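Guided by the hints, dock chain A onto chain W, whose structure is given.
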Amino acid sequence: MPVEDASRFLMQSTFGATYDDIVELSNSSYRAWLNRQFAMPVTKTVGYAESQGWIENYPLILARGTDSSLFNVMLTAPDQLRQRVAYALSQIFVVSREVSNGIDERPLFYLDYYDMLAENAFGNYRDLLERVTLNDVMGFYLTMRLNAPANTQVGPVGHPAAFFVTSPDENYAREIMQLFSIGLVELDIDGTPVLANGEPIASYTQDTVENMARVFTGWNYQSANPSQTNFFNLGIPSDTRPMISFDAFHDKGPKTLLNNVTLPANQTAVKDLEMALDNIFNHQNVGPFIGKLLIQHLVTSNPSPAYVERVAKVFNNNSTGERGDLKAVVRAILLDTEARNGHKTLPDQFGKYKEPFVRQMALWRGLKARRKVNNRNLLTAYDENFLNRFKQFPLRAPSVFNFYQQDFVPSSAFRQESMVAPVAQLMDTESTIGIASVYEEYVQRHHDDANNDFANSPSDLLLDTREWQALIPDDLSSVDALIERLNVVFLAGAMTDDMRDVLRSVHASTNPSSPYVVQHKWEIVIDLLNILMLSPQYSVQK
Amino acid sequence: MSDSKKQNRNRRRFLKQSLASMAGFSSASTFSALLNTANAAVTPTGDDYKTLVVVNLNGGNDSLNMLIPNTTDEYQQYRSPRPNLAFDKSSLLPINPIGMSTGSFAVNPSMPGIQSMFEAGDLAFVANVGGLVEPITKAEFLASNRTKKIPAGLGGHNTQAAYWQADHSNRINTTGDGWGGRMANEFIINGTLPTSIAINNGNNLFQRHDAQSFYNVGLSGLISLRDFSGPSANQGILARRRAIEALNQLAIASPDPFIQHAGALFDEGIDLNVTLQAALSNIEDLSDRFPSAVSGAGTSFASSLARAAEMILIRERLNMRRQVIFLEQAGFDTHSKQGENHLALMTDLGAFLAAFNALLKDKGVHGSVLTVTTSEFGRNLASNGDGTDHAWGAQHIVMGGPVDGQKIHGTFPSLELDGPDDYNGLGRMIPTASVSQYGATIAKWFGVPDNKLSTVFPNLTNFVGNETLGFLG
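Protein chains in written order, with the working numbering: chain W, 2 to 543; chain A, 258 to 730.
Same shape as in the complex, but just chain A:
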């Protein structure tokens, strides 16, 4: 067992003991906060609350059917390689991006909520974002003796999801830490929950960091152990609880990393459960703020957003001045039956984001919550008959008070097959904005100092002068 891990655990045990006599739910985990103190740079105070909500579109979103060019020539370039998947021009919902000609773009016909949020300035798109180690042109990409680095495993779900969430190197690496975790680690948060909160997504790479624990919230609320749900006078419960805790302490001290890790999770899970039970005790049920789902996994997605909203609503009670929340909408790997399935996904995405946005406004936290999408890759423009395949760059949604809204930030790719952005004739777009830049823009808003951005995004040094994309003003 590593010394640092032992130290972490020891520090935490010490903390638990020293807080044991204090009142309220602060006797639970302040683990991440303490660990922060060694190298953190920023201690938010007062009413400086910020929450980032990452909505990962799992499977690779076909963003070319989400944000659609609406001018005559560009629309034809969109339609002709995917005649069966393209929407009729008359059905599109036009938008009027600031700085572009009126109605030059449109959104998916099933996304009226996205259209109205865009027009109201609550939402923007960021164009052609993807995993990049460094900027690369089509000629550089296709060069037989390519010298520019690209993410390894291009086109693979897990490899590119890892690249989006970790942004660490050109090697295949689905381990290590993620930029959500690294970002959280730049803050000292004296709250009672980890800064990183996953919704139904424990062990995502995005939030992983050695010095930052993260808590996973299940979709159906908290699950309690019968023998660990509060004070009891039952000798059986007390005896079992003592024994289970004793075995757990033996596990935490075990030289076996498997046993040790399982013990640490159990210990921390019990503590966080107690904290959250107290904090959530009189929070209203937000589930009915979301419309009924039409896509397969839509109900889970709606529940995830409801759980995320709950976590935001208790942030002040728990002194959580920074929160990084990660959740997913599943089902985007639309190789087949894209027509009906992707339409349903877009319907739910649009409706639920609109409901979430309205809810945050209603609760007065809209100005301090940023919601952004991620997805392992975009899909290619060409139809395979019934769907689309794995590609690279894609358009993304950024939403909330902090957003410089009603704009399409970055450069929308040319949709010409084998054109300047398409690398092999089937409409796989080489990104013109990197995950590093997308993330750094977010991190800067979150409060990460400029001189720490390259700590969070090591590849940012390859984008000097263009570190951020400006979509947050």
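Only chain W is shown next, with the shape it has when bound in the complex:
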């Protein structure tokens, strides 16, 4: 395949590629690449934190150990496809460290959640849904943990003022349906709403939420050492074991769930939970809902209904009768004709904004970023300060609704074409400048120079320009090869002739009317990279 096509595929399936990666795929096939990726062992963030000695010393690590572990694995792990899908899953099954309660000081808590997503990224959705549901960080984040039935006496033992639960907590019950599985309205297999008298049909009601809330009663952390009589032992989440059930604190009444499925009375908490997750899993919305979300995170914001339908059908049946096979879903998404050819067949509709965080990762990966010194903390406070301008960092969404909403429409031009651009919700007149300032800073100040010397960089993570410098002749008279390399690696071949002209016009050595004279190849590499990174064209993945 052409290197441009290989580059596009790797934009969709990794955090960024080097030119070598692109050439390697170009000489292979998509299927072979996918199979190699599927077979790779999971690179775990917990493993990284352990290797740095951060787990046993965790009180000293605090938040940056978590950020640094996530960041390092995403940037350097060989199982890039799994990590990229896990990152997408972390934006669907959202937990966030942006909560104010002190548990942020336990890095394992969140790293384990992310690793769980990575481990299940190519497994079955039903298993993933259960692991998400019972994970202690999710139990904490969406408050299912310690959820108790109506009329339960609440309070630590010996609490002077006994009080009673009036109704169970509805938080997890609502969000597992709205955000993790079926969405707000009934969907056809192609992801479009089913209409009745021209109106969408709600996929659940407040009554469903209240019944589901009763399902999710009676669970607590293992590490809290609760008992059947002392459910409300608070404890702290400090290990990675799933929550366990306490039937004395489970609502035993019958429950009516989706599609009028009923759970009989007097079941255990475990039995109710299994049946409720089956009920959600088997809802007709899950395939198109989850399939479309993954397409939007990886490939294109506005997939055609036919594309969604093809993926949803694979979700419903992976061809050997299994429902929910995520490996098959990921393969179907990336090998679909629309993913591979949409830039030609649907030129104005195909594509998406690159997430600001992913854009930066692609710069570092594309230029083989490496460390100035062997500092174990790959992500310095300096870097973190800059990354805050993206308003996006793994596991730091402002709420369970993620960094942006999937139905975001940024302008009338999009609305008139019935198009959405979810990532654009992170882009406004201020953040656009803030994001650009990060790219400018990293490109202009965090690279090697003629002597491959990093001494003056304030950051630990540095761009290696050597193989890019080699594309420029010694007399600096042409930047064409450099421009073409930038085009392949960062634009998947989408550069127009007008853009090439602009890039050629910068330096006096390629444009006699330019007053800007430079002496070194690295200056030219850095300037053109800087200009391209700030360009609106680079913000889009086509």
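The hints are simulated quantities; they were obtained by calculation from the structure and are not laboratory data. Note that this is a predicted model, so its numbers are computed, not measured. Treat the hints with care, since some could be wrong.
Estimated spans, in silico, between C-beta atoms of each pair [as the list claims (entries may be wrong)]:
1. W:VAL518 - A:ASN447: 40 to 46 Å
2. A:THR359 - W:ASN260: 52 to 58 Å
3. W:ARG324 - A:ARG403: 31 to 37 Å
4. W:GLU418 - A:SER477: 33 to 39 Å
5. W:GLU468 - A:ASN447: 51 to 57 Å
6. A:ALA510 - W:GLU275: 53 to 59 Å
7. W:ASN260 - A:LEU479: 49 to 55 Å
Don't be surprised by glycine CBs; every beta carbon is placed ideally from N, CA and C.
Chain A in isolation, oriented as in the chain W frame:
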């Protein structure tokens, strides 16, 4: 690409060129002002300055622990479904609403600032406001063949936030425009910033409007690009700047809506940055006018109010006779640990609003700034053990010189479980005042003519005769 979008951009480019030789910071964006001229109705002049500050309580504020009935029977109705979350009667801070019996209501014990502003007439509450398409009774709501329309996605954070901010229909619709943007669009403002200013909240629905750009102000002040921070003699800077601007012009002309939009934002962001840099150059730092935060996101909230105050203080320099400012206090989704978390949120809300109010008085702009709260929904009265869940109607704060203060406007709901206002026995109150009416009251003060109120609030036609709620006199 749509023709209208092209026109907008073209008009703006023309404007930039024609202003390029003019002095001062007026060479930047007057985009929104020009676009206004097609259909706007009102051109404020002279000293007619007005600023609306919307404080969105993100997550759904439990207003039942903010404004509390303080008479014996009503207090018991408040306390019994939430014994662990209710405040002891003796700890409440009583208030004396005009037209009601002395001490009949009270505010959260952590809100002495709210209590004193209420008593001083600087602040009022508006009772039981929520998203409504049309008035609806409990019987109508519960009818199996319901014919009255209600907002879709009742109880969902994003759907109800969208309803509060857009107020457009009963369909689930988190896109389109918001009533802040539509309100701004009723004015011709010949200023140099957009009328709509978001604080750390770019792309909120409230301010979105096709013909109104809005500017987002970051919490830590302006961020500049090294290559775009003023005049330079450095040929490298100039060459890069030329190239980046050239790529940006290619983007703006691109048929690809993604590339085009990114180009438009970049272009406008650079311009507005230049304008604000000049305007803010000698503004005093207002951050120390706000006390230390006690809630998780409180520091951001305080910074937001400080940034809002800065924007108000430069409004005359920039000829911004109307401003719609939107900011948020986050953290209100108190399903769990409500006891400590909500108390902290109320502490910060009360203290920071009081500081903001004092600051506006100090600067002599108190009479022309209105501050109001919004929130996607109230929370139910019943405790889930450790917190509360999503409900519907809620009490809201309105503050500032324009407010008919020391009053509880509207009808405070009955707190009887399964009573006349509670739709399912757990204390989810059916609103008796709509977002449309709440907003229309604000818009009327802002200067939107009566005959344009239903343009801004399409559902207002379902509330004929009660279009406004009177809390602004």
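Results of checking the hints against the structure:
Between W:VAL518 and A:ASN447 the CB atoms are about 45 Å apart, so this pair conforms to the stated range of 40 to 46 Å. A C-beta distance of roughly 55 Å is found between A:THR359 and W:ASN260, which places it inside the suggested range of 52 to 58 Å. Evaluation of the 31 to 37 Å hint for W:ARG324 and A:ARG403 yields a pass: the beta carbon distance comes to about 35 Å. At roughly 36 Å, the beta-carbon separation of W:GLU418 and A:SER477 lies within the given 33 to 39 Å, and the hint holds.
Separation of W:GLU468 from A:ASN447 is about 54 Å and conforms to the stated range, judged on CB atoms against 51 to 57 Å. The hinted window of 53 to 59 Å between A:ALA510 and W:GLU275 holds, with their beta carbons roughly 57 Å apart. Evaluation of the 49 to 55 Å hint for W:ASN260 and A:LEU479 yields a pass: the beta carbon distance comes to about 53 Å.
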